[in-house]
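Peer 1: Read off the chains here:
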Amino acid sequence: MKNNIKDVLIYNVGAVIVGLFISACMLFFLKVNPAEVFAEAFKKIVSDGYTTGEILVKATPLIFTALAFSFTYKANLFNIGAQGQFYAGSIVAVTLSLLLGGVVPTVPLIIILLIAVFIAGGAVGALIGLAKAKCNANEFLVSMMSTYVVAAIMDYLLRTVLRETKGEYLQTDPISKSAYLVNIIPGTRVHLGFIIAVVAAIGVWVLLYKTPLGFRIRAVGCNSNAAELSGIRSSKIYVIAFLISGGLAGIAGLTEVNGVQHMLLQNFNESIGSFGIGIAILANGNPIGVIFAALLFGFMNVMGTTMGRLPGLNIPSSIIDYIEGIVMICVIIAYFLRRYVNTRKDKKLLMKESEK
Amino acid sequence: MVTPVVELRNVSKYFAKVIANKNVSFSVGEGEVVALLGENGAGKSTIMKILYGLYGADEGQILIRGEEKTIKSPKDAMTMGIAMIQQHFSLVPTHTVTENIILGNVHGKIALKKYDEKIKGLAEAYDFDIPVESKVGALAVGVQQKVEILKALYLETKILIMDEPTAVLTPQESEHLMGFIKDFAAKGNSVIFITHKLKEVMEVADRIVVMRDGVVAGNVLKNETNERELAKLMMGKELAPSEKIGVKDFSEAETLLELSRVSVVEKGETPLLEDVSFMLRAGEVFGIAGVSGNGQDAVCEVISGSRKLTSGDVLCCGQSINSYTIRERIDAGIGYVPVDRYRDGLVMDMTLAENMMLKSSFSKRWTKHGLLSRKVLNKYTSDIIRDHKVKAVGPEETAKSLSGGNQQKMVLAREIDVGQKVIIFNQPTRGLDMGAVDRIHRSIIGEKEKGKGILLISTELSEIFEMSDHIAVMYKGKIMGIFENGQLSTERIGLLMAGYTGETEASGNEK
Numbered sequence: 001m002k003n004n005i006k007d008v009l010i011y012n013v014g015a016v017i018v019g020l021f022i023s024a025c026m027l028f029f030l031k032v033n034p035a036e037v038f039a040e041a042f043k044k045i046v047s048d049g050y051t052t053g054e055i056l057v058k059a060t061p062l063i064f065t066a067l068a069f070s071f072t073y074k075a076n077l078f079n080i081g082a083q084g085q086f087y088a089g090s091i092v093a094v095t096l097s098l099l100l101g102g103v104v105p106t107v108p109l110i111i112i113l114l115i116a117v118f119i120a121g122g123a124v125g126a127l128i129g130l131a132k133a134k135c136n137a138n139e140f141l142v143s144m145m146s147t148y149v150v151a152a153i154m155d156y157l158l159r160t161v162l163r164e165t166k167g168e169y170l171q172t173d174p175i176s177k178s179a180y181l182v183n184i185i186p187g188t189r190v191h192l193g194f195i196i197a198v199v200a201a202i203g204v205w206v207l208l209y210k211t212p213l214g215f216r217i218r219a220v221g222c223n224s225n226a227a228e229l230s231g232i233r234s235s236k237i238y239v240i241a242f243l244i245s246g247g248l249a250g251i252a253g254l255t256e257v258n259g260v261q262h263m264l265l266q267n268f269n270e271s272i273g274s275f276g277i278g279i280a281i282l283a284n285g286n287p288i289g290v291i292f293a294a295l296l297f298g299f300m301n302v303m304g305t306t307m308g309r310l311p312g313l314n315i316p317s318s319i320i321d322y323i324e325g326i327v328m329i330c331v332i333i334a335y336f337l338r339r340y341v342n343t344r345k346d347k348k349l350l351m352k353e354s355e356k
Numbered sequence: 357m358v359t360p361v362v363e364l365r366n367v368s369k370y371f372a373k374v375i376a377n378k379n380v381s382f383s384v385g386e387g388e389v390v391a392l393l394g395e396n397g398a399g400k401s402t403i404m405k406i407l408y409g410l411y412g413a414d415e416g417q418i419l420i421r422g423e424e425k426t427i428k429s430p431k432d433a434m435t436m437g438i439a440m441i442q443q444h445f446s447l448v449p450t451h452t453v454t455e456n457i458i459l460g461n462v463h464g465k466i467a468l469k470k471y472d473e474k475i476k477g478l479a480e481a482y483d484f485d486i487p488v489e490s491k492v493g494a495l496a497v498g499v500q501q502k503v504e505i506l507k508a509l510y511l512e513t514k515i516l517i518m519d520e521p522t523a524v525l526t527p528q529e530s531e532h533l534m535g536f537i538k539d540f541a542a543k544g545n546s547v548i549f550i551t552h553k554l555k556e557v558m559e560v561a562d563r564i565v566v567m568r569d570g571v572v573a574g575n576v577l578k579n580e581t582n583e584r585e586l587a588k589l590m591m592g593k594e595l596a597p598s599e600k601i602g603v604k605d606f607s608e609a610e611t612l613l614e615l616s617r618v619s620v621v622e623k624g625e626t627p628l629l630e631d632v633s634f635m636l637r638a639g640e641v642f643g644i645a646g647v648s649g650n651g652q653d654a655v656c657e658v659i660s661g662s663r664k665l666t667s668g669d670v671l672c673c674g675q676s677i678n679s680y681t682i683r684e685r686i687d688a689g690i691g692y693v694p695v696d697r698y699r700d701g702l703v704m705d706m707t708l709a710e711n712m713m714l715k716s717s718f719s720k721r722w723t724k725h726g727l728l729s730r731k732v733l734n735k736y737t738s739d740i741i742r743d744h745k746v747k748a749v750g751p752e753e754t755a756k757s758l759s760g761g762n763q764q765k766m767v768l769a770r771e772i773d774v775g776q777k778v779i780i781f782n783q784p785t786r787g788l789d790m791g792a793v794d795r796i797h798r799s800i801i802g803e804k805e806k807g808k809g810i811l812l813i814s815t816e817l818s819e820i821f822e823m824s825d826h827i828a829v830m831y832k833g834k835i836m837g838i839f840e841n842g843q844l845s846t847e848r849i850g851l852l853m854a855g856y857t858g859e860t861e862a863s864g865n866e867k
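Residue numbers (my numbering), protein chains in the order written: chain A, 1 to 356; chain B, 357 to 867.
Hints should not be assumed to be uniformly reliable.
[Unchecked claim] When the alpha-carbon atoms are kept at most 16 Å apart in a straight line, the in silico EDC-like pairs for lysine to aspartate or glutamate are as follows:
hint, chain 1, residue 1, chain 2, residue 2
1, B, Lys588, B, Asp794
2, A, Lys347, B, Glu520
3, A, Lys352, B, Glu415
4, B, Lys664, A, Glu164
5, B, Lys777, B, Asp653
6, B, Lys553, B, Glu520
7, A, Lys345, B, Glu531
8, A, Lys348, B, Glu415
9, B, Lys720, B, Asp743
10, A, Lys210, B, Glu752
11, B, Lys578, B, Glu608
12, B, Lys543, B, Glu388
13, A, Lys348, B, Glu556
14, B, Lys553, B, Glu585
15, A, Lys352, B, Asp414
16, B, Lys553, B, Asp794
17, B, Lys538, B, Glu386
18, B, Lys553, B, Asp414
19, B, Lys834, B, Glu556
20, B, Lys578, B, Glu415
21, B, Lys543, B, Glu386
22, B, Lys553, B, Asp539
23, A, Lys347, B, Glu610
If you're looking for bench data, these hints aren't it; they were derived computationally from the structure.
So here's chain A without its partners, still in its complex pose (with noise of 0.2 Å):
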């Protein structure tokens, strides 16, 4: 078992620097040194303490959104929704704010917010794992069209009862300072947010391996037939799994709302969904290595935002997308091959044996 880890590790940080190796060839077709590009990008993120805290800034609602993906995976199923999810929490973290912000003493607001979007995205995440129970709905495609369900009410309610006071752009007026996650280290941007995303990726993982109901959503996921035999109500564990999936994306909206951006807008962080996907599969599902796949793609978030920066480069910010697509596909062929690897091994080993 501990072998195990150790040999994922080695394969997965091997992929992710083949993948960044073959990213930075791709920088010679925009007529760049890469080595040049990467070392001065890597050196203005070390250097400079804000940018080092922007890492975690980026990882934190990815985290979430990767605890969410994970969670359902263990039961076999497929949030693909993380991302509305996400927006239903940042919609009542925003609104609960404005109406409570300067009202309530931070800490008691603080938590009830917590509670409020992880009720808010556990609620539409219930109705997807409802739809599968009740009428056997592929999730997938449910999870994944919920998303445009809730972003079009949240845009819905931008231009309406939640648009700023000035009325000019889609956006919310910002929040009252005693909703702001406190900032935990000073010069940076990193707020209470990621401690809150750590503690939650540790619970998930006491959740999953250490309680009856966390082997029982485990059960069911890797053999629903076994499960149902043996009392356990897949249908009943369906709403349960993603219920709590997508409370964890809902905290998302807590984070960055109260943590960053401090008011809801249009277009809000339109992709950590899609890249909580990455994540949890670059992590194996384990809640515990979301945290690290999580820091990696906010290091590669930040480290494409800061060439994108460099002067006199031109240098478009987007090459990230193409980094982080890289990477992934690295680390998939990663996984088959340790696979292969230990397969021959072992067959070898057993060769070895018989020969005695």
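On the provided structure of chain A, position chain B as indicated by the hints.
Peer 2: Just chain B now, with coordinates in the frame of chain A:
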């Protein structure tokens, strides 16, 4: 010396964690019927899958008519005249018989009528009664097997491999199959058939290759051996016969489980169960015989709670449990060893320990302060591994890494614990080797002696006869009669299993 049709030389095959075959060598001559005999997991199917091109050999050579060949796929095998009938048929249920047979060997526009005629002729030549125009899904299993054979014949197979061909057949159908094998071989073809049933081997084989633990343990001519020697070769030791049970008087015993006129009818279909009634009493083994697929699974399901009944009552200790959920029935003390442990019995990707708590995941016995206690669970599982002599490294090994027999022992151990009153065994020894079968039989007897009620469903008549106090025969969802053990001969039970009643019914005392 005559060149053998097939010769295997030192063929070895390694899977990730096990040696499937090691230095397997034997040959098959023209017109010869070779039985590949061995316990499950002995490597019989693997070596044949290598010959059929489904697996690649890691070492060794395969010679076809004296020439070394590499067989990369079944397509290669077919061009060499080799066909294999798998345990699970490879037929398309929504296609007709003809379509299935010509599948993969026709191109362009198909003149189906012409092929229908051709196949019909082929079937008649071998005395097969097959409706070539009907859909395969609508045919009985025995007939489906004939379709598979016909498919092989259509390809002008010279070497026919059959994997456990009689597992799904009634005694009468088996006999017919044996006749075919003899015929087919008499025409100069070769047959290799895989089996673990000694009786068949003695009946039809010319030569017997015995496999054990992936190696050839014996290669003998039928005329020079006997069943006893073969059994010894198969297991590496002689087996103590389990003692025969006398029929007890159950009139005083408490009724633990009762089915009263239970019917299950899905809309617009023939009933799965029709008016099924029987009683299971404390300390009794109630055997249900029948060809698989005649409603036995439905009986298990209405008792375990995974299927709703249309009418009738299921009573546990005199109380109707019709409205109980599966969980409530588990709590009531009904254990259930399902027929398909891969699908229903175990979670293969989970550890043994986790599988042990599957049915009691709601119980507090595994938790401390709401969290699962690995210590408690591992201790419990280690004890089971020791007590039931399961070959496993430890409680944290995944279920899938165990052999079939050891997996079954784990399921059995769990269900014995769950089933404090009643335990249902649905074909508990299907596909297991004789050593494991023996252990499982002993466990069943042990539970019976503790005063539990045992419902034993089996397609193996020998098992039914050996274990049961009372025997019911099922056919098409109905109980053809309930008999005391000893009242029925093999012939009669065979007829009942095939749906014939007549004079047998009159002589059987209904319970």
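Peer 1: Taking each numbered hint in turn, which are not upheld by the structure, reported in ascending numerical order?
Peer 2: 2, 4, 5, 7, 9, 11, 13, 18, 19, 20, 22 and 23
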